[in-house]
Amino acid sequence: MAGTPLQIERDTTPEPTLSVVDVLVDSLKRWVFSVQDYSLLSARSVRNLFTGPRYFQDTLDQMDDIGVGSLPIVLISGFFIGAVMVLQTGTQFIRFGQAALTGDIVAIALVRELGPTLTGILVAGRCSSGIASELGSMLVTEQVDAMRAMGTDPSRKLVTPRVLATVLMLPLLTALNDFVGLLGGCVASVFSLRLGAVEFWTRAIKALDFADLMQGFTKPMVYGFILATVGCYKGLNVRGGTQGVGRATTQAVVVASVLIIAADLFLTKLALYLGDKLF
Amino acid sequence: MTPAAATATTNAGPAVAFDNVYLGFDEGDILRGVSFSVPARETMVLLGETGTGKTLTLKLAAGLLKPTRGSVSVLGQEVSAMSEKELLQLRERIGFVFQEGALFDSMTVGENVAYRLREEHVKEEEIEPRVQEALQFVELEHTADQLPSELSGGMRRRVSIARALINRPDIVLYDSPTAGLDPITSQTIISLILRLRDVYGVTALLATQRLQDGFALANFCFDKEAQHVVHCDPAKGGRDGQPPAPTRFMVYKDGRIYFEGDPQELLSTKDPYLRRFLV
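Those protein sequences? They're chains A and B, same order as listed.
Take 582 as the starting number for the first sequence in our numbering and just add one per residue.
Take 3 as the starting number for the second sequence in our numbering and just add one per residue.
Some hints could be false.
Derived lysine-lysine pairs resembling DSBU-like cross-links, with alpha carbons at most 30 Å apart [said to hold, decoys possible]: (1) A:610 / B:68; (2) B:87 / A:738; (3) B:125 / B:68.
Since the hints were made in silico from the structure, they are not lab data.
Given these sequences and hints, build the entire structure.
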């Protein structure tokens with residue numbers, strides 16, 4: 582009954598309807614703002630390295646979690662990828678009587694391309710999602726606000742250690758992935774292609790030059806920066822409680838993986854250009 | 003600003019002052035023209051329906067949010083105009099008790115309480131006794147090595163209070179500290195708030211949906227000699243003859259302050275909307 586304490590008054594004003602153009606413009610604006618926010622977060626994460634306070638212990642903890650924690654998946658995947666590479670390329674080279682070239686090609690492909698990119702995507706799947714879910718959970722439970730209320734800059738405490746740790750660890754993981762990949766390839770070449778192990782390794786090492794190594798270990802640093810900053814951005818911009826955390830986790834992996842693959846194109850082009858000029 | 007200068011500033015004006023503050027998000031303004039002030043040592047109880055801006059008011063006071071219009075001053079400094087870096091120093095004098103505690107779940111209780119001291123690089127030998135003192139204040143000294151997930155909801159709130167008071171703040175902001183707790187535990191929390199108010203003389207803003215919490219703060223005080231809570235007549239004073247620290251109420255409606263006054267004015271109101279809170 583109207584006017585009694587139990588009567589709930591509701592707003593009955595109809596919501597305005599939006600046209601398709603309004604929705605598209607709104608989406609475009611949101612996308613532009615998110616690119617801006619992501620750029621600011623990334624820039625701040627680098628700028629924090631040059632001024633205090635710095636959180637060395639947090640950085641070490643992240644290096645352990647990201648680097649050591651990703652070892653099993655990187656090593657196992659690397660071994661099998663190397664073996665598959667040898668099987669696929671070796672069977673083609675046998676047709677031309679050039680089975681001995683298998684080691685050369687697999688080494689170049691692994692070090693230049695497959696090692697960095699696949700390691701980046703594997704670590705993005707494991708760590709970018711982990712970073713997004715951890716930071717997202719902290720955000721929805723007000724731990725990030727609590728940090729700020731107690732005088733800590735979340736960018737310094739949460740973002741910069743993760744970015745630095747990933748940039749430092751990914752090249753090392755890539756190196757191990759490459760080595761184990763060649764090991765897997767060697768095993769496959771010995772048992773499937775009947776090539777000698779010594780011949781395989783000798784040709785693999787000789788096929789690589791400095792430009793290949795520069796390309797192979799510069800790319801992971803960029804990929805590490807991408808996957809860490811994407812994970813941090815998605816985590817710190819969660820909306821919608823725990824459901825939002827789940828969404829952010831998935832989006833972090835997808836966006837980081839796509840950006841890594843896109844960056845690969847540009848980095849490869851740049852590396853080949855510089856390789857010609859400098860080496 | 004040195005502590006002495008800051009204290010002098012506090013003595014000259016209100017501890018917290020809002021001047022025509024507006025705050026909104028995509029959905030529109032939540033706070034509309036909010037103006038009030040809280041003198042030092044006073045407790046202001048913020049009441050209102052869900053979504054009327056009580057928590058936002060606390061976050062504005064802590065500088066965690068910036069108003070879209072108007073100004074917020076805390077301890078004589080305009081927090082709404084300060085950068086995040088400048089706010090870090092002011093926040094040393096503000097304690098914030100979040101609704102669900104917002105404890106860092108990867109740290110033990112002791113590490114949570116010591117967090118602020120470690121951020122300020124206080125010597126380790128000084129940290130341990132101060133943490134013990136803070137935990138003894140909330141009667142949880144035996145939980146220092148436990149993780150927050152091992153504690154009940156009420157215990158987590160108490161740890162949150164210990165964490166907020168570790169630096170002997172001038173102002174403590176409480177966001178629904180008894181929400182979701184049983185009546186006995188709620189009384190424990192209110193007793194701690196009374197103790198903090200009467201032992202340390204803090205200024206407090208307390209957002210709550212429980213009217214009884216506000217009246218408890220108005221009608222009870224902590225007896226330092228007897229070390230327990232006693233009933234105080236605001237007119238006559240407590241056991242030592244001193245009046246309890248003033249407590250006022252502020253009721254929000256539709257983002258505006260609908261009522262501001264002392265407990266007697268609220269109790270004797272004939273306004274139908276306010277009467278609904280007294281049911």
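Tested hints:
| no. | hint | in the structure |
| --- | --- | --- |
| 1 | A:610 / B:68 | 22 Å, holds |
| 2 | B:87 / A:738 | 14 Å, holds |
| 3 | B:125 / B:68 | 34 Å, violated |
Violation of the numbered hints given earlier is confined to hint 3; every other hint is satisfied by the structure.
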